[in-house]
Amino acid sequence: MTRERLTRWLVAGPPFVFMVVFFVLPALIMVAASFRIPGEHGGLAPLHEHGAWQLTPETYAFFFSDFIYTEIFLKSFLVAALTTFLCILMAYPLALLITRVPKRFRDVMILLVVLPFASNFLIRVYAWMIILGPQGALSAAVNRVAGAFGLEPVALLFSPVAVVVGMVYVHLPFMVLPLYTNLEKHDPLLLDAAQDLGANAWQRFWRVTWSLSLPGVYAGSALVFIPVLGMFAVPDILGGTGDILIGNLIKEQFLGTRDWPFGSTLSIMLTLMVLASAALAMRLARRSLAHA
Amino acid sequence: MREARTGLWAAALLVYLFLYLPLAVVVVYSFNDSRLNAEWVGFTWRWYRVLLADEGMLHAAVNSILIALGASLVATVLGTMAGLAIHRYHLRVLPILVITPVAMPEILLGVSLLLFFIQVLHLTLGLVSVLIAHITFCVGFVAIVVRARLAGMDESIFEAARDLGATPWQVFRRVTLPLILPAVIAGALMSFTLSIDDFVITFFTAGVGVSTLPLQIYSMIKIAVTPEVNAVSTLLMLLTLAMILLAARFDRTVLRGRG
Chain A
395 MTRERLTRWL
405 VAGPPFVFMV
415 VFFVLPALIM
425 VAASFRIPGE
435 HGGLAPLHEH
445 GAWQLTPETY
455 AFFFSDFIYT
465 EIFLKSFLVA
475 ALTTFLCILM
485 AYPLALLITR
495 VPKRFRDVMI
505 LLVVLPFASN
515 FLIRVYAWMI
525 ILGPQGALSA
535 AVNRVAGAFG
545 LEPVALLFSP
555 VAVVVGMVYV
565 HLPFMVLPLY
575 TNLEKHDPLL
585 LDAAQDLGAN
595 AWQRFWRVTW
605 SLSLPGVYAG
615 SALVFIPVLG
625 MFAVPDILGG
635 TGDILIGNLI
645 KEQFLGTRDW
655 PFGSTLSIML
665 TLMVLASAAL
675 AMRLARRSLA
685 HA
Chain B
5 MREARTGLWA
15 AALLVYLFLY
25 LPLAVVVVYS
35 FNDSRLNAEW
45 VGFTWRWYRV
55 LLADEGMLHA
65 AVNSILIALG
75 ASLVATVLGT
85 MAGLAIHRYH
95 LRVLPILVIT
105 PVAMPEILLG
115 VSLLLFFIQV
125 LHLTLGLVSV
135 LIAHITFCVG
145 FVAIVVRARL
155 AGMDESIFEA
165 ARDLGATPWQ
175 VFRRVTLPLI
185 LPAVIAGALM
195 SFTLSIDDFV
205 ITFFTAGVGV
215 STLPLQIYSM
225 IKIAVTPEVN
235 AVSTLLMLLT
245 LAMILLAARF
255 DRTVLRGRG
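If you read the sequences in order, they're chains A and B. Here my numbering is used: the first residue of the first sequence is 395, the next is one more, and so on. Here my numbering is used: the first residue of the second sequence is 5, the next is one more, and so on.
Bound-form chain A, shown alone (with noise of 0.2 angstroms):
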């Protein structure tokens, strides 16, 4: 072995050796775990057990057997969306605002994004807790309208509204960050050359900023909606009991009923889910990059 190669197997070595051990080795764990049998007193069943290997994909054809967990996959999957898009809605004209002030301004404007982020998650999702809870003054004022309109008082926490508003205050920097990093590169005299060539302010947008924009919207958008996809503890705090997502499904096997071969079945779902939704966010942004 030459010199190099040792120098390269030193360096490269120890970190690839730890997180194939406590990284790639535990995935395929769980992989195999899927297809195991739950044991008596929960976890795992012996694999060699009367004389037969114990596999079986019985917990996928359970999966499927019963709705209510398609139905719980569908209902993470349009939560995500959701969250995703009220992302986009609130980080662009931040973002773009950001990139329009003076370059001295940037900076700041950019840390008081990432600021909150600083303090501790379940903390920013307590805080929703108060504000939302029965005794602020955001769920008196919407009992006020809601009673003037002669409706029944609404409770704001412990429901969607409240999961919605908790994934969405969590993942907003995910979002502000690429878009921020995308609008900044944008070339200033394509929005002149636009104008001059009679386009209006929404064609300016639209046609322009926008479209220039799609990498940046891609990558934000699944910066937020993986992490969302899987986010147990959010609906677990402030969604009620009938809110709960594939994350609380998940928790429930592994930490609940120990159904470790369930819990492994609809972790490997997850991750699916997962590979797709990074996959699709890929092809997407190469294939804007390429019209750009």
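I should point out that these hints are in silico values taken from the structure, not numbers from a laboratory. Careful, some of the hints might be misleading.
Computed spacing ranges between beta-carbons, pair by pair [to be verified]:
(1) A:MET676 <-> B:GLY46: 48 to 58 angstroms
(2) A:LEU506 <-> B:THR10: 17 to 27 angstroms
(3) B:GLY130 <-> A:GLY636: 26 to 36 angstroms
(4) A:ALA439 <-> B:SER223: 52 to 62 angstroms
(5) A:GLY541 <-> B:PHE22: 36 to 46 angstroms
(6) B:LEU25 <-> A:LEU649: 28 to 38 angstroms
(7) B:SER223 <-> A:THR651: 18 to 28 angstroms
These figures come from a predicted structure and were not determined experimentally. Just so you know, even glycine gets a beta-carbon here, dropped at the ideal spot from N, CA and C.
Take the given structure of chain A and dock chain B to it, following the hints.
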């Protein structure tokens, strides 16, 4: 054009309000002399005194700090190696291995490690399992920051050192390390913050015996919300804020979130 600009400012201010109002509410109510997070009654330090007398919370804080120190130390070494290797040798698999755990929903890493620790290693969940889990997701962050720093550097410096007969270790110790040190420190501080803040992965790998600050906060939120949560949240906010700003002083990649 001017109207469009005013509209943008209005939208941006609303977003900033959305970002800061909830946190401000938490901080303000931590000084409120009432058991309810409902209306302002009067100023008090009471919840901070309750917090300092809460042994469970203090124990959890000690655990959190120990885990964060250990995880950031190991993750910084492994992450720096990974960043160097990826940059120098143009590796294909290693970047995927270190980045994927960061890019996946956290719950997946949490449950797969839970399975692995119990089923394969027969490990009793506790400090060690949490420590390993935290290292797994911190390595990627350090690698990203270190690699970004290396990418902006003139290769000829390293070539010059090699041409002058320096061994790989001498090149690293005398040339590379001093140059990437700000990124390494920033990565270490980032790892410390990520570790002390982590809830999801800790939740699955801690078992019943060990508690950390986020786990303690979670059980308080789920069982009984008292303004003590606001007090611990405020202190934790100050701590992580200080860490992030400190990290940013060493390397700006930390703030911009880009490689």
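Unsatisfied constraints (hint numbers, rising): 4, 5
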